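Chains as they are written, first to last, in the numbering used here: chain R, 1 to 110; chain L, 1 to 118.
Because the hints were derived from the structure by calculation, they are not lab data. Computed from a prediction, not measured in an experiment: that's the story for all the values here. Mixed in with the good hints there might be a few duds.
In silico BS3-like cross-links for lysine-lysine, where the CA-CA straight-line distance does not exceed 30 Å [claimed, not checked]: (1) R:Lys57 / L:Lys70; (2) R:Lys57 / L:Lys110; (3) R:Lys57 / L:Lys78; (4) R:Lys9 / L:Lys70; (5) R:Lys57 / L:Lys105; (6) R:Lys57 / R:Lys9.
Just the calculated beta-carbon pair ranges, DEER-fashion [to be verified]: (7) L:Gln57 / R:Arg63: 20 to 26 Å; (8) L:Glu61 / R:Leu83: 23 to 29 Å; (9) R:Tyr97 / L:Ala72: 23 to 29 Å; (10) R:Ser65 / L:Glu61: 35 to 41 Å; (11) R:Asn77 / L:Ala71: 42 to 48 Å; (12) L:Gln57 / R:Arg106: 22 to 28 Å; (13) R:Gly58 / L:Asn31: 19 to 25 Å.
We put the beta carbon where it would ideally sit given N, CA and C, even for glycine.
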Amino acid sequence: DSGVTQTPKHLITATGQRVTLRCSPRSGDLSVYWYQQSLDQGLQFLIQYYNGEERAKGNILERFSAQQFPDLHSELNLSSLELGDSALYFCASSSQYGYTFGSGTRLTVV
Amino acid sequence: AQTVTQSQPEMSVQEAETVTLSCTYDTSENNYYLFWYKQPPSRQMILVIRQEAYKQQNATENRFSVNFQKAAKSFSLKISDSQLGDTAMYFCAFMTALPTGANSKLTFGKGITLSVRP
Chain R
1 DSGVTQTPKH LITATGQRVT LRCSPRSGDL SVYWYQQSLD QGLQFLIQYY
51 NGEERAKGNI LERFSAQQFP DLHSELNLSS LELGDSALYF CASSSQYGYT
101 FGSGTRLTVV
Chain L
1 AQTVTQSQPE MSVQEAETVT LSCTYDTSEN NYYLFWYKQP PSRQMILVIR
51 QEAYKQQNAT ENRFSVNFQK AAKSFSLKIS DSQLGDTAMY FCAFMTALPT
101 GANSKLTFGK GITLSVRP
């Protein structure tokens, strides 16, 4: 157990639908990062939150949004889902040693 | 923009032998951090080793060590006495800010698939 908790582990949904992925960082870590891992694009940075504020944005689609709550957990919202959104979505939090990743959410859009 | 390049898509090694995975990066920064992450079939991302650019000494973690060549912007991972459990995808990654900092985005290479043969 890395200390970073992601739910759900697996999600299957239809095109056009909306889903929410949840992440709880390790105790004491203020930053949360979201990454998308697909077969053809590798690990792509989506967005970072630090202590409730958005700090950096990567290749995140407009259909996607995220937020970090006062208790530091974060949610990644994916809407109007397309087949190409099928991927493994990782959340990570950071300490002085580097990133600690959650086990990921496998999203399958059918 | 920082980039990380892993040019070898796949490698194979015999159990108990040594293998080296290559990584190069590009940055104009002087202070930064380099990492190797392992992703086994379980898909969990596991930190293998890290190197601070200001440190001249190469990092070592048990059977894992790096060869950090700052001038050449090269950061290779050596795995000694390879074990079957080392079979995984390995990602080289780069960060300019402190890992605990507010803007500490990690940039990954495309990864290399390592297979350890029994």
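The hints, checked one at a time:
{"no.": "1", "hint": "R:Lys57 / L:Lys70", "in the structure": "holds (28 Å)"}
{"no.": "2", "hint": "R:Lys57 / L:Lys110", "in the structure": "holds (20 Å)"}
{"no.": "3", "hint": "R:Lys57 / L:Lys78", "in the structure": "violated (33 Å)"}
{"no.": "4", "hint": "R:Lys9 / L:Lys70", "in the structure": "violated (39 Å)"}
{"no.": "5", "hint": "R:Lys57 / L:Lys105", "in the structure": "holds (9 Å)"}
{"no.": "6", "hint": "R:Lys57 / R:Lys9", "in the structure": "holds (24 Å)"}
{"no.": "7", "hint": "L:Gln57 / R:Arg63: 20 to 26 Å", "in the structure": "violated (46 Å)"}
{"no.": "8", "hint": "L:Glu61 / R:Leu83: 23 to 29 Å", "in the structure": "violated (40 Å)"}
{"no.": "9", "hint": "R:Tyr97 / L:Ala72: 23 to 29 Å", "in the structure": "holds (25 Å)"}
{"no.": "10", "hint": "R:Ser65 / L:Glu61: 35 to 41 Å", "in the structure": "holds (38 Å)"}
{"no.": "11", "hint": "R:Asn77 / L:Ala71: 42 to 48 Å", "in the structure": "holds (44 Å)"}
{"no.": "12", "hint": "L:Gln57 / R:Arg106: 22 to 28 Å", "in the structure": "violated (39 Å)"}
{"no.": "13", "hint": "R:Gly58 / L:Asn31: 19 to 25 Å", "in the structure": "holds (22 Å)"}
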